[in-house]
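*Asks:* Order-wise, the sequence lines are chains A, B and C. Here the first sequence stands for residues 1 to 315, where the numbers follow my numbering. Here the second sequence stands for residues 316 to 662, where the numbers follow my numbering. Here the third sequence stands for residues 663 to 1222, where the numbers follow my numbering.
Treat the hints as calculated values from the structure; they're not laboratory data. Any given hint might turn out to be false.
Below 30 Å or equal to it, Euclidean Cα-Cα: the simulated DSSO-like pairs (lysine-lysine) are [stated by the list, open to error]:
#1 K79/A <-> K925/C
#2 K825/C <-> K72/A
#3 K93/A <-> K925/C
#4 K1082/C <-> K1177/C
#5 K406/B <-> K957/C
#6 K922/C <-> K79/A
#7 K1222/C <-> K984/C
#8 K925/C <-> K1177/C
#9 K925/C <-> K92/A
#10 K1177/C <-> K406/B
#11 K406/B <-> K925/C
#12 K123/A <-> K359/B
#13 K54/A <-> K1105/C
#14 K172/A <-> K925/C
#15 K67/A <-> K1105/C
#16 K72/A <-> K92/A
#17 K158/A <-> K1132/C
#18 K825/C <-> K172/A
#19 K825/C <-> K54/A
#20 K1105/C <-> K1044/C
#21 K1132/C <-> K406/B
#22 K93/A <-> K1222/C
#23 K918/C <-> K72/A
#24 K1044/C <-> K79/A
#25 K918/C <-> K93/A
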Amino acid sequence: MARFIVRRLIQMVLVMFAVSLLTFLIFNVIPNGDPAVRMAGRQPTETQIEAIRKEWGFDDNVFVQYKTMMEKVLTGDLKSYFTQLPVGEEIKKGLPRTLSLAIGAAILWMFVAICFGLYSAMKAGKFADRFLTIIALIGISIPVFWIGALMNYYLGFKLGWFPNGGYVEFTKDPVDWFYHLILPWTALAILFIGFYSRVLRSNVLDTINEDYVRTARAKGLSERRILVRHVLRNSLIPIVTLWGLDFGFVVGGGAILTETVFDLQGVGQYAAESIGQLDVPPVLAVTLFAAFFIVLLNAIVDIMYAYLDPRIRLQ
Amino acid sequence: MATEPLTDQTTLQGPAAWEAEAAREKVHGIGPWRLGARRLRRNKVALLFGALFVLLVAVCVAAPLWANNVAHTTPTENHLSDTIQVNGETKNVVGLDGVPIGPTWHGEFFLGADPNGRDIMVRLLYGGRNSLLIGVTAALMTTILSIVFGLIAGYFRGGSDAVIRSLLDILWSFPVVILGVALGVALALGGLKIGPISISGDSLLIPIFIIGVVYIPYMARPVRGQVLALREKEFVEAARAQGAGPLRIMFTEVLPNLASTILVFFTLLIANAVLLEAALSFLGAGIQPPNPSWGTMIDDGVDRIATAPHLAIVPGVMLVLTVLSLNVFGDGVRDALDPRAKIRIEH
Amino acid sequence: MGKMRRRALVLLVAALSMLVIAACGDDDDGGGGDGGGGEAKTGGSITISETSQPDYLDPALSYTVNGWEPLSTVYTGLTGYKRAEGQEGAQLVPSLATALPKVSEDGKTYEMTLRKGLKYSDGTPVKASDFEHAIKRVLNLESGGTAFFLGIEGAPDYVEAGKAEADIPGIETDDASGKITITLTEPDGSFSNVLAMPFASLVPGDTPFRNLTESPPPGVGQYKITESVPNRQFVLEKNANFPTNLTDDPPGNVDKITVKIVKNAQRQAQDVISGELDYMQDPPPADIKPEVKAKYSDRYEEITTASTYYMFMNTRVAPFNKKEVREAVNWGLDKPALARLFAGEVTPGCSFLPPGMPGYDKALDVEDCPWGNPNEPPDLEKARQMIKDAGVDGMDVTVWGNNDDPTDKVTEAYADQLTKMGFNAKPKILDGGVYFQTIGNAKTAPQTGFANWFQDFPHPKNFMFLVDGKSIQPTNNQNFGNVDDPEITKGIAELNLQPEITDEVAAQWQDLNRKLVERAWVAPYGHRKLATFVSERMDFDNCTRFHPVWNNDYTSFCLK
């Protein structure tokens, strides 16, 4: 088991290295033009541009450039050339917002998905099942930014039932914090509810036909007990692992759209704005951070799976 | 369902029914494809949505017909200072305060105009062309690359498997949206220049390439998994014993068995690709102005939601309908080909 | 405890003296809507918004409206402007100096004396040598405002040497007497205006040589910055040490102004409507404007600014290197159409110099426009013919613009218009943050695209430098069209030597403006109106003042 974990950790490091290399290539190599001029921000002077060139090694070859950039990232010395602000600070400011969005939405979608999926499975083939399936399919077909924008305007501004976008810090006012996040949570959850409820439904249907369930029924256990004890628990395992991956996905950038629409000023929005300005330091930092999150959650999920399934462990 | 007595076949529904039917069919020896087609035919809802998708595609393909013969304009032509006759009244296409006209339900400006005075219906149809073209081509690209990667990794295992798995891991770990937006912005600025190949910044190939690449791990992994399993099957052993080379085996034995997986994935990939294209365009990293796409139209529409809500609602509804029809139909195909739903998109 | 009591006492004295001044002071508002009269209520706090973080919160570096609007209430220079609306507000007045500069016969020497007893917001006394330090910061930090001060003797050498503490021979100060003498290498008629720019505001002599956005230095102003969280908000609070004898600079009314950065313009407007925000810096976006105009016109006003919106045409690349082509574009440019994209906030026009600027010619904006009345549809046929005759029809043209609203739409419309004129024009939209650097870089060699300019100060030089052959530079070029007309360049240089803008001098600027327009070096299409939009609780009628240079004057804001 320990060897497995170590192997996964090494893999993690290698993947992070590759991701950083890729990001570097995308921004420094692909676009034509002078990266120093782009990075120099507003009204750059020749001396500024020269200084940037020297500092980031644009005159050196690609490998040295990459090394210089990674040094900056790892020592935390990353400053956005555009706003002159330290990138680490900005990420720290945005992180609680992104996490609030991701965690809240994740809880919401899991809860609703389990309800929908279970009910759908119990009424398999009947109208309720078909209806919920269509609802779920609609859910995965709706673009989150579209529904988010519509909700924000009609429910937020027009009807005034909810705040008009924006974010309130939890430490400032927990109730207002919650109130501001209801619409973003809903928008983000809609997509995943659709998906997860259907996965749960098919998992439940599969498990229900398993032998041990039939045995339990033969033994005389009540339906409810069977459902909860055996069926649900076993159906949930793949769900939970998927959940872990998706959560990493959301934090790792899936929240960009929701944050932008509701103006939550989280890490995702920060990344999106920086990308538009071709501001490399923040994009690099956020990308690595997001990748780290995804990789970490992947590793945790894999390790959990290995723990539960001895066959994989012993591979 | 759990309370249905298993012996009463006439009241069975759902997967168990299909199981029983499959057992029946097997006796008569009907192939899996015809079986699937039969099941699909019975699924009225899936067929309905499949037809809807075809209709939407047809309408979008016919965009030039509408543009030239009914609306008499192009998707990029501005009509800022023009006036039109609506029910006998002369109205500004775009008012002096910048508010565009709403749906006229006539040939010109059928669904109204955008703030530049462009015909929404025309842009919607041309935008659909762009979105669908990108979606389908990207899905195609993903499918082909996934098959290649999945086959190589699953069949040969060992070294090439390790390499491909690492590649997929890296791609998988890269935050999808950030990767898409970063590539989109970077490439839109200066285009792509690799050796002799030069693609301009506003070419459709760029979003196609990005979306195509981004989805590879989602399909390659399951394909690889299936190849791994298939490879151990008897008919593959037999072919090997007969002296067939790996390439031959892959094409004649493995690939056909992957076909149902591939088909289902392909359908669902198109849906996801269309959604991702809209998301990228919404963030300004997809299709570049003035070319329309449903994503850019939604982006523009959200800015005018108070005075001209049709700008945001119309393309959104089209997008949802298209993606939904693909999803429902794809779902139906999956149910028809593999009722036990072994194929699942690991999201 | 003692400190607080003392501060309270100071505030009390300040408040009392304000009341005394207010009671005795003249009610100098000429019309409706500008504050300054004795009816403004003081006290309270308000929350306002800006759409993006100011480029810098450091007076030596900031060069945008975002920055100048708040900074003009925190920092003051030797000269300043009367805090009034319209033409009155364009008047130069002495601020920290006792009188306007005494200019020598040859126009190269400026003498001023610093007022006595001035203190920064943190209590530090203001010294004459602080002025030189402030200028050094501008030059040493390679600020966007550097160009304005290179005319000072020794300034270019100072920049070259790169040593922060080196001396600038052209600035001599004497802390004891408060005397400040500036020597220029050649006369510059706009220099007194330059002294009024935030770049030249005084800051303490020990202010470090680095970007102080996160902790701005103290200044002499009605307000001081007490908190700065970049990209989120910054806070202005009333400065107790603001001198009461700067009669042209009335003290602020509200005690505290929280400036929030809210990226979404629609949200800002909605929040001002609902009262969550008290004021938004940008005008309400086109989507919300109709509602604002219909329901909230009692707290909304549009004001014409000294600005010009134009399309630059790069005279160094095809097809705009041909004069006929540039003329054709001017003939075919649909100005009223573009105005609609600004929701009516752009008044169509042909003049390059804007209204309110000496040298502005109203006739040029209407009946005298060489390309036809700008309020009428353009002569598209003529444009098409001219382009055909020039042999460039069908040519590929990239039209540059940025993604600020509505610039991107304007760029798309312009591209469409060029296509109607016969080109194969496509827009290319860049992010607003990188746009001007990119088109100002010679390597980009853009053909044509969006440009605009809002006056930095009411002197024609500030606009004409955009079309001055001498101001062309390889990076950070503001003369996007690389306009290089020897007669115009010479005219600018000569007129700039004039120490004062007399009627005769103004007429000569007018003539230069006319030549520029007639020769089709640029394609102007109008001048922009900005807006003042405040919440219900703000006193709109008495306490909003739109200044021609500073925009909305925060010192005028007050609650009902």
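*Asks:* If a hint holds in the structure, say so; if it doesn't, say that too.
*Replies:* Hint by hint, here is what the structure shows:
no.: 1; hint: K79/A <-> K925/C; in the structure: holds (21 Å)
no.: 2; hint: K825/C <-> K72/A; in the structure: holds (27 Å)
no.: 3; hint: K93/A <-> K925/C; in the structure: holds (16 Å)
no.: 4; hint: K1082/C <-> K1177/C; in the structure: holds (28 Å)
no.: 5; hint: K406/B <-> K957/C; in the structure: holds (24 Å)
no.: 6; hint: K922/C <-> K79/A; in the structure: holds (23 Å)
no.: 7; hint: K1222/C <-> K984/C; in the structure: violated (59 Å)
no.: 8; hint: K925/C <-> K1177/C; in the structure: violated (41 Å)
no.: 9; hint: K925/C <-> K92/A; in the structure: holds (19 Å)
no.: 10; hint: K1177/C <-> K406/B; in the structure: violated (39 Å)
no.: 11; hint: K406/B <-> K925/C; in the structure: violated (34 Å)
no.: 12; hint: K123/A <-> K359/B; in the structure: holds (19 Å)
no.: 13; hint: K54/A <-> K1105/C; in the structure: holds (20 Å)
no.: 14; hint: K172/A <-> K925/C; in the structure: holds (21 Å)
no.: 15; hint: K67/A <-> K1105/C; in the structure: holds (28 Å)
no.: 16; hint: K72/A <-> K92/A; in the structure: holds (17 Å)
no.: 17; hint: K158/A <-> K1132/C; in the structure: violated (54 Å)
no.: 18; hint: K825/C <-> K172/A; in the structure: violated (46 Å)
no.: 19; hint: K825/C <-> K54/A; in the structure: holds (19 Å)
no.: 20; hint: K1105/C <-> K1044/C; in the structure: violated (33 Å)
no.: 21; hint: K1132/C <-> K406/B; in the structure: violated (49 Å)
no.: 22; hint: K93/A <-> K1222/C; in the structure: violated (36 Å)
no.: 23; hint: K918/C <-> K72/A; in the structure: violated (39 Å)
no.: 24; hint: K1044/C <-> K79/A; in the structure: violated (53 Å)
no.: 25; hint: K918/C <-> K93/A; in the structure: holds (24 Å)
Of the numbered hints listed earlier, those contradicted by the structure are 7, 8, 10, 11, 17, 18, 20, 21, 22, 23 and 24.
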